[in-house]
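K.L.:
One line per chain: the protein sequences are A and B, in this order.
In terms of my numbering, the first sequence is residues 1 to 326.
In terms of my numbering, the second sequence is residues 1 to 423.
It is possible that part of the hints are untrue.
To be verified - Calculated cross-link-like contacts (lysine-lysine; reagent style DSSO-like; alpha-carbon spacing at most 30 angstroms): (1) K196/A to K100/A; (2) K23/A to K149/B; (3) K149/B to K100/A; (4) K23/A to K310/B; (5) K196/A to K180/A; (6) K179/B to K23/A; (7) K254/A to K23/A; (8) K254/A to K196/A.
Bear in mind the hints are in silico, worked out from the structure with no lab data behind them.
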Amino acid sequence: MTTMTIAKAINEGLRAALTDHPKSLLMGEDIGALGGVYRVTDGLIGEFGPDRVVDTPLAESGIIGTAIGLALRGYTPVCEIQFDGFVFPGFNQITTQLAKIHSRSNGNLSVPVVIRIPYGGGIGSIEHHSESPEALFAHTAGLRIITPSNPHDAYWMVQQAVECQDPVIIFEPKRRYWLKGDVDVQAPGPSEDPFKAHVLREGADATIVAYGPLVPVALAAANAAAEDGHSLEVIDLRSISPIDFDTVTASVQKTGRLIVAHEAPTFGGIGGEIAARISERAFHSLEAPVIRVGGFHMPYPVAKVEEDYLPDIDRILEALDRALSY
Amino acid sequence: MGTHLPSTEFDGTAVDDQREADAEAVMGEPPAQMVQLLGPDGKLGFDPVFTGYAAKLTPQVLRGLYADMAAIRRFDVEATALQRQGQLALWVPLTGQEAAQIGSGRASQPQDYIFPTYREHGVALTRNVDLAELLRQFRGVSNGGWNPKDTNFHLYTLVLAAQTLHAVGYAMGIQRDQKLAAANAAASGTPVTEPDAAVIAYFGDGASSEGDVHESMVFASSYNAPVVFFCQNNHWAISVPTAVQTRVPLSNRAKGYGFPGIRVDGNDVIAVHAVTEWALEHARQGKGPVLIEAFTYRVGAHTTADDPTKYREAAEEDAWRAKDPLARLEKYLRAEGLADEAFFAKVKDDGDHLAAYVRRTTHDLETPDIRTAFANTYAEAHPLVAEELAWFEEYSAGFAGEEPAEEQDRQAATAQVSPKAGH
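With the rest of the complex left out, here is chain B:
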């Protein structure tokens, strides 16, 4: 490195090498190593920074992390079944990514605001989103089934990476709120009572190629916004492997924006929790953004409309199953005597109850009236919407008392959910 002299003034190879070396001298080696605390063998390792965070996890919290992961996996199985039975138009499975989602979600505080993509069912669980409400979107009765103001968990965003910019803007709003609160406190001579908040932006390895991820990191860096970018590298963007999206570890990209990037074992719930807690603290303390790359695997299909047998080997899936996030925590809990048979039996029982609840409530999810769509297009009165609604009412009234065959056919046709929907 650096010994090769350019043969012409246009050969910049050596210059580039030197710049790289200079950058590394300043920034330190890129984090090629992955933070892992709990290995697939269920043994706890050591990390100079993150072991301290992991040590704060009490046996009760560790059992809770296991219970959450088991619950969301059971939910995933149930939702997949509901789709197969025609009760959902589409399902987006998360199996394999439980540790990445539960670990990061449980590291967040209530005052933090979270922008998911569309697979973050595990994070939704940690934010107390009613999982039956989460299915509204996939049953075709809502484009966003919960009120984000109740949970600080934003609606799913289907246009890849669009939400990463929303997250940075939200974080810029938090910065302004903090300044305002500090000024008000100074003026009134009272301390600031609002806890510092941060934002998490979730996205995947596929979405990392979207321009909005780049712009969001530029803005976050420019304004030192309190945002944690949480990239779940699940290795497959539908059928395209991560290697097509990037030639370097995704966490290394943070270096180019001037903030820390950390690759963490995304199947290690303890490490994910520790790293996310560290990153959120970093952001809340005004030290700016962090990129976390959770190295994990989408064990199932991209969606229920996908067929992974067409583009990847079963052996690869098996290799990742051997790194299962639940299995390794179970090994650890049992080996350390932190959970007994009764605990695991209860987890299974709770999962079945959750599944039954989801199944029951999915059947009962009310089909909305299209009048709500008229009502919700604009926040304020709109003459064109009013005119079209009036026409619709008049048109619909023409069918009154015409209940027989035709109307029943029409209702049956609209009630059916297409199994082919989605991308």
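Just chain A, with the same shape it has in the complex:
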């Protein structure tokens, strides 16, 4: 076991991927000498050279589009998008090309491109630097989407994404980049399958599903609820596409109540998808409607008021009160 931050864990994971897979390479803006705006790729250009740690022109469609071409030639590019809100110039390449080429080619071609996107708010930044656009990608068949909440998952997920034959988007919880935790660099252990949810805390009265930056918030809310005598089960979803509905269903069949929390707006979001699926799978187990805790239907607000926008412990506890009131 080694203790490191999420940012360092991704850095080490990328180092391991570049070492183990000679045809993998990193691409992105400022990822070379600077090491990325979050320093996640720090030092890698010195070890692997500019052909494998590629500072690209400032063009997101260009990054994704050329990564697709490299993948068609047999390479595995790992693209860094600088911030969540800047992925959209590359959205066309991701949704109309990357997601569809395997299907379009009747399975003859694979494009195992990995896209890393720092996402979420809580860092007091300016417009376009705090968004959670995961649902826009989850709606597109052909993509896989994962999001680590801790350093151990971060270290392994980045390598698992490189090994996956499908395109994988990793949403990295940027406000948790400096969160420290134990990483077992020898073996992934229970994190062997990046598309499985983890039950982080067992409970009896209600289930909270969260992912990425809100996992620590959900755990803190469970602690607070325990002081009030309520036993909460906390699930780290880990994978947004596919979603591990089996784990969530089993939990709801036990607790009878479900709260889903994410920073993204609730309308048309992942929480709504989980609510619908769970109502189909575990209708008779539910003691209350599935309650979503998330962002409002507005552009991500200015930094000075983002605390009112972001789900926190109190917002989750308020949702718990509502769930328990049925």
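Following the hints, position chain B against chain A.
P.N.:
Just chain B now, kept in the frame of chain A:
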């Protein structure tokens, strides 16, 4: 130029003029002139660079270029007829662009990789794509009917210009492969055996306005990627003329990216072949990208859903028909005694056979099972796909033994191909 002094510090006219003059002094005059070797009159002209390339074309190769152009034109007629008869949902005709496509495709080597847009049926022919398989997409039985790994001819891309970036990325992969091969060869003391490869990215004058073309040229230039951008300027982006896309010759845009741009007569198969061969050599030798603008004309409609009579004059079409790529090569071959009547008769005969083959195989193209779509969405197992497939199987099983009226109606409804599909 350069004599006008700015009246205020904000008037940059003269500065711009001076920059332009400086740039021209460094880069040379922009290639306003078009490379043409074989004129509409069937007479061979001279070009200081490209005549040398054209001279390598033997009579047999020249006859082959004619036969290819005739074959793809005959195929185009047949596919249009198949669409009119309801056998294809849509067809994208290429008539008028045969020389641009056959000339460039025949200049490529087997190890080169080609990214077409969706009208490159002529290039497909040169890459040995089975033309019946090419029709799968237009019959609605596949979104890509051939395996690009067999031919190094990528699938058609319908989102304009998206493939230009794929082409540059692929070329960046070739660069890395070459470095790796060189390192391995040096380590083992053996020569590199892999031939140098390059990439061709096809797009049109309409797509030239897409941002992806700009980004692809920026990336290609930054990394000196071995890619040839082949723009067929066929003068019409559906109903919008080239003048709306650009105020300068498209080939001039290369100057802004710092690599050569050449305008070639796209109806002159000899010049297109020569220029493309030069450009591919340039790319393979590590000298970086080239932009070729093939100046040609879409004689027919954009697709079978289009109606050019609404936006252009018949006189314009007639003027371009007078520059027909097949007619001028036929004149040349006959005048030089390189092909006789028997040759042209055989070309016509071969075309009819090709048409019959395409017609027969189109009727026989198998409608896929939707289960293949479930299977091909992801490369690796996916629980949601598995769950939905299981539901579909159960649902379908509910119709078992229910063959009568309802099911027949359903099958008839799904078998019909909508003639309105496409854009």
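K.L.:
Take the hints in turn and mark each one as holding or not.
P.N.:
Structure-based check of each hint:
| no. | hint | in the structure |
| --- | --- | --- |
| 1 | K196/A to K100/A | 24 angstroms, holds |
| 2 | K23/A to K149/B | 19 angstroms, holds |
| 3 | K149/B to K100/A | 17 angstroms, holds |
| 4 | K23/A to K310/B | 52 angstroms, violated |
| 5 | K196/A to K180/A | 22 angstroms, holds |
| 6 | K179/B to K23/A | 12 angstroms, holds |
| 7 | K254/A to K23/A | 46 angstroms, violated |
| 8 | K254/A to K196/A | 19 angstroms, holds |
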